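Chains as they are written, first to last, in the numbering used here: chain A, 1 to 200; chain B, 1 to 200; chain C, 1 to 200; chain D, 1 to 200.
Just so you know, these hints were derived from the structure itself, not from any lab.
Honestly, I wouldn't trust all of these hints.
What the hints assert, rightly or not - One side of the interface only, derived from the structure: several residues of chain A facing chain C at Cβ under 8 Å:
1) G13
2) E16
3) D20
4) I25
5) T28
6) G54
7) P57
8) I68
9) Q118
Values in this document were obtained by computation on a predicted structure and should not be read as measured data.
For every residue, glycine included, the Cβ atom is placed at its ideal position computed from N, Cα and C.
Number of protein chains: 4
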Amino acid sequence: MAYGDIDAWETTGRIETLVDGIFAIALTLLVLNLSIPQLTNSMSNIAVEDYLIGLIPDLFTYALSFVILAIFWRINHQQFYRIKRANNVLLWITVIWLLFVALVPFSTSLMGGYGETQAANIFFNINLLLIGIFSGLIWYYATKKDFIEELSREKIIELNKLNLMLPIAALIAIGASFIIPAFSTITYLAIPLIKRIIRA
Amino acid sequence: MAYGDIDAWETTGRIETLVDGIFAIALTLLVLNLSIPQLTNSMSNIAVEDYLIGLIPDLFTYALSFVILAIFWRINHQQFYRIKRANNVLLWITVIWLLFVALVPFSTSLMGGYGETQAANIFFNINLLLIGIFSGLIWYYATKKDFIEELSREKIIELNKLNLMLPIAALIAIGASFIIPAFSTITYLAIPLIKRIIRA
Amino acid sequence: MAYGDIDAWETTGRIETLVDGIFAIALTLLVLNLSIPQLTNSMSNIAVEDYLIGLIPDLFTYALSFVILAIFWRINHQQFYRIKRANNVLLWITVIWLLFVALVPFSTSLMGGYGETQAANIFFNINLLLIGIFSGLIWYYATKKDFIEELSREKIIELNKLNLMLPIAALIAIGASFIIPAFSTITYLAIPLIKRIIRA
Amino acid sequence: MAYGDIDAWETTGRIETLVDGIFAIALTLLVLNLSIPQLTNSMSNIAVEDYLIGLIPDLFTYALSFVILAIFWRINHQQFYRIKRANNVLLWITVIWLLFVALVPFSTSLMGGYGETQAANIFFNINLLLIGIFSGLIWYYATKKDFIEELSREKIIELNKLNLMLPIAALIAIGASFIIPAFSTITYLAIPLIKRIIRA
Numbered sequence: 001m002a003y004g005d006i007d008a009w010e011t012t013g014r015i016e017t018l019v020d021g022i023f024a025i026a027l028t029l030l031v032l033n034l035s036i037p038q039l040t041n042s043m044s045n046i047a048v049e050d051y052l053i054g055l056i057p058d059l060f061t062y063a064l065s066f067v068i069l070a071i072f073w074r075i076n077h078q079q080f081y082r083i084k085r086a087n088n089v090l091l092w093i094t095v096i097w098l099l100f101v102a103l104v105p106f107s108t109s110l111m112g113g114y115g116e117t118q119a120a121n122i123f124f125n126i127n128l129l130l131i132g133i134f135s136g137l138i139w140y141y142a143t144k145k146d147f148i149e150e151l152s153r154e155k156i157i158e159l160n161k162l163n164l165m166l167p168i169a170a171l172i173a174i175g176a177s178f179i180i181p182a183f184s185t186i187t188y189l190a191i192p193l194i195k196r197i198i199r200a
Numbered sequence: 001m002a003y004g005d006i007d008a009w010e011t012t013g014r015i016e017t018l019v020d021g022i023f024a025i026a027l028t029l030l031v032l033n034l035s036i037p038q039l040t041n042s043m044s045n046i047a048v049e050d051y052l053i054g055l056i057p058d059l060f061t062y063a064l065s066f067v068i069l070a071i072f073w074r075i076n077h078q079q080f081y082r083i084k085r086a087n088n089v090l091l092w093i094t095v096i097w098l099l100f101v102a103l104v105p106f107s108t109s110l111m112g113g114y115g116e117t118q119a120a121n122i123f124f125n126i127n128l129l130l131i132g133i134f135s136g137l138i139w140y141y142a143t144k145k146d147f148i149e150e151l152s153r154e155k156i157i158e159l160n161k162l163n164l165m166l167p168i169a170a171l172i173a174i175g176a177s178f179i180i181p182a183f184s185t186i187t188y189l190a191i192p193l194i195k196r197i198i199r200a
Numbered sequence: 001m002a003y004g005d006i007d008a009w010e011t012t013g014r015i016e017t018l019v020d021g022i023f024a025i026a027l028t029l030l031v032l033n034l035s036i037p038q039l040t041n042s043m044s045n046i047a048v049e050d051y052l053i054g055l056i057p058d059l060f061t062y063a064l065s066f067v068i069l070a071i072f073w074r075i076n077h078q079q080f081y082r083i084k085r086a087n088n089v090l091l092w093i094t095v096i097w098l099l100f101v102a103l104v105p106f107s108t109s110l111m112g113g114y115g116e117t118q119a120a121n122i123f124f125n126i127n128l129l130l131i132g133i134f135s136g137l138i139w140y141y142a143t144k145k146d147f148i149e150e151l152s153r154e155k156i157i158e159l160n161k162l163n164l165m166l167p168i169a170a171l172i173a174i175g176a177s178f179i180i181p182a183f184s185t186i187t188y189l190a191i192p193l194i195k196r197i198i199r200a
Numbered sequence: 001m002a003y004g005d006i007d008a009w010e011t012t013g014r015i016e017t018l019v020d021g022i023f024a025i026a027l028t029l030l031v032l033n034l035s036i037p038q039l040t041n042s043m044s045n046i047a048v049e050d051y052l053i054g055l056i057p058d059l060f061t062y063a064l065s066f067v068i069l070a071i072f073w074r075i076n077h078q079q080f081y082r083i084k085r086a087n088n089v090l091l092w093i094t095v096i097w098l099l100f101v102a103l104v105p106f107s108t109s110l111m112g113g114y115g116e117t118q119a120a121n122i123f124f125n126i127n128l129l130l131i132g133i134f135s136g137l138i139w140y141y142a143t144k145k146d147f148i149e150e151l152s153r154e155k156i157i158e159l160n161k162l163n164l165m166l167p168i169a170a171l172i173a174i175g176a177s178f179i180i181p182a183f184s185t186i187t188y189l190a191i192p193l194i195k196r197i198i199r200a
């Protein structure tokens with residue numbers, strides 16, 4: 001802010017450090033959604049077994065969110081491999097994107113607790129939709145401002161099209177929330193298909 | 001401490017790493033203020049909807065604190081782009097600044113729970129005031145000690161003046177806490193105006 | 001994902017940053033398993049002493065998990081010292097490995113609470129088994145794809161054999177869980193012996 | 001472990017990353033000890049004021065632990081500025097040191113809750129004693145193994161003596177815990193005096 005005029009020089013090193021830090025923490029905080037039962041001294045082996053079996057859906061949600069976050073990190077990783085400069089606008093698009101990324105542990109715990117309700121599914125899918133939109137915006141803005149090096153015009157346009165993939169999947173999942181809430185997240189398994197259609 | 005005599009050489013690399021780490025964590029911990037309701041097995045869709053609607057003020061506080069912290073990170077980012085050396089004093093100013101930065105998740109949760117009380121607003125605004133003061137001190141001290149490179153005298157003085165912006169906004173917000181507690185944070189939206197006045 | 005075609009170039013810098021971040025957080029979250037007792041104002045010195053003495057097994061579990069995680073970090077550290085390139089497959093093997101690494105604070109708290117039950121021991125040991133397997137896979141895949149530099153054929157094969165060490169220890173520990181649950185983790189002290197047998 | 005034979009080459013980059021990560025998290029977790037009171041809808045301004053006034057000792061403990069951790073980070077920062085190589089032993093001394101560093105948020109919350117008891121004070125001071133000892137060991141071992149560059153023999157010996165400073169302060173604080181538990185931590189303010197005596 002205060003130094004707004006001297007940032008044409010901006011390099012991307014510290015943005016990447018912040019991104020990596022926030023992802024590392026968001027990924028690790030997902031585990032906090034797995035709470036161990038209250039300490040009752042006389043907990044038998046069978047009780048622990050039952051508890052662990054009941055934990056399977058939560059472990060699935062944990063793994064799903066971990067992989068989804070890793071996909072977004074991966075995409076950013078590849079974007080900033082190509083983006084060589086940044087400015088204030090690009091930084092703030094990235095910050096808003098991170099704001100929704102850091103919300104994922106909360107959305108995940110909401111799904112873990114109330115995954116069968118439509119409201120929780122819509123919230124979770126809107127969260128992913130916004131992450132997808134801002135992730136796409138990072139690339140779109142960076143290419144428009146010529147912050148990219150060594151990439152052909154066709155490649156850049158193709159990648160811009162591929163960036164629609166995750167928002168489209170999220171929109172379908174939001175639609176699915178109105179019909180079969182408990183299974184809306186299955187939509188994301190259709191991503192390879194969406195990818196093929198976009199490319200066609 | 002023990003190695004106090006050999007730090008004229010000090011480079012700023014690891015200070016920046018610590019700063020980025022603390023910001024990444026503080027930003028991600030903000031989400032812990034969004035607690036999901038107790039697990040009652042028979043939670044209906046409408047109950048989850050009501051809960052999520054009731055969560056809107058907390059989501060707003062989350063976004064506000066996220067953006068404010070990002071602004072401070074951004075300012076530090078630009079300061080250390082220019083600061084080429086450091087010494088013990090600069091390091092400790094930065095540590096005290098981080099001490100108040102790391103307090104923001106707590107201040108935010110206080111605002112989330114009791115944002116309508118004057119006490120919570122004063123606490124939150126004093127926290128931001130102290131962050132603003134120490135952020136300004138980092139730049140003031142670094143310029144005074146000639147740790148800066150490639151920046152004109154006028155530019156440095158102008159930036160020192162701009163660093164008053166956030167403390168002034170925080171002081172106005174503290175004043176506003178005595179009149180309309182619940183809306184004191186709106187003051188920060190006046191920052192662009194304060195910026196123009198300082199520059200005039 | 002979206003950028004899948006342009007990743008032959010992949011360097012390993014940001015993977016290492018993510019790995020280091022997740023380990024730093026997982027290591028530090030282990031301490032959250034040490035909960036202080038509820039605040040009862042009249043807590044006497046003797047009550048605090050009793051509480052701290054009762055905490056000894058939890059401190060032992062904390063130290064054990066800290067050291068085990070540090071061993072895995074160490075192994076990764078040395079692997080990526082040698083691995084000079086990466087591709088999508090290697091990245092995703094590493095992500096799945098991290099998924100199980102980030103689960104360790106939970107497994108540890110399960111052991112802290114119910115370490116005498118067979119179920120908790122099996123869960124903990126399976127977690128370590130999976131970490132060991134994916135850690136070995138990272139090296140196996142990287143060597144198969146020739147992502148390694150300056151290491152002799154014999155050395156690579158020897159290291160592949162040594163990577164079986166931790167999975168074998170974990171399998172023995174799983175076996176031991178059926179006989180003497182509370183002491184299954186002692187198995188890991190036999191690792192130097194397993195190492196010698198593999199090398200023979 | 002598995003790669004034990006190929007680590008003569010070891011550089012210190014990733015050790016420093018892990019150290020910085022753990023400190024950033026431990027510093028930020030300290031704030032979790034400041035818990036906001038239960039949400040009672042009718043919380044008045046005076047109740048929040050009373051709560052915040054009652055929080056002053058906890059804020060003091062927060063600041064004290066923040067500064068103590070920053071001192072240890074600072075010392076490590078300066079040590080590794082000089083240490084140019086590492087081996088397995090140095091790495092594991094650092095890991096054990098980090099194990100006690102990561103324990104500080106817990107010790108601090110113990111002090112926050114039961115700072116007037118002797119048991120809590122002894123636990124807190126022993127924690128600092130162990131951090132001090134392992135911090136000194138890092139330097140002692142690195143100098144003994146000639147991992148240091150560009151530092152005179154006299155300087156190295158002087159620094160080894162100065163590393164006794166924190167353990168001595170911790171030992172005095174442990175002694176003080178038996179006499180005036182609630183004020184044992186004041187001992188650390190005597191560090192500048194101890195420093196002068198050691199140097200004499």
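- Item | Broken hints, by number | Hints 1, 6, 7, 8 and 9 not satisfied by this model.
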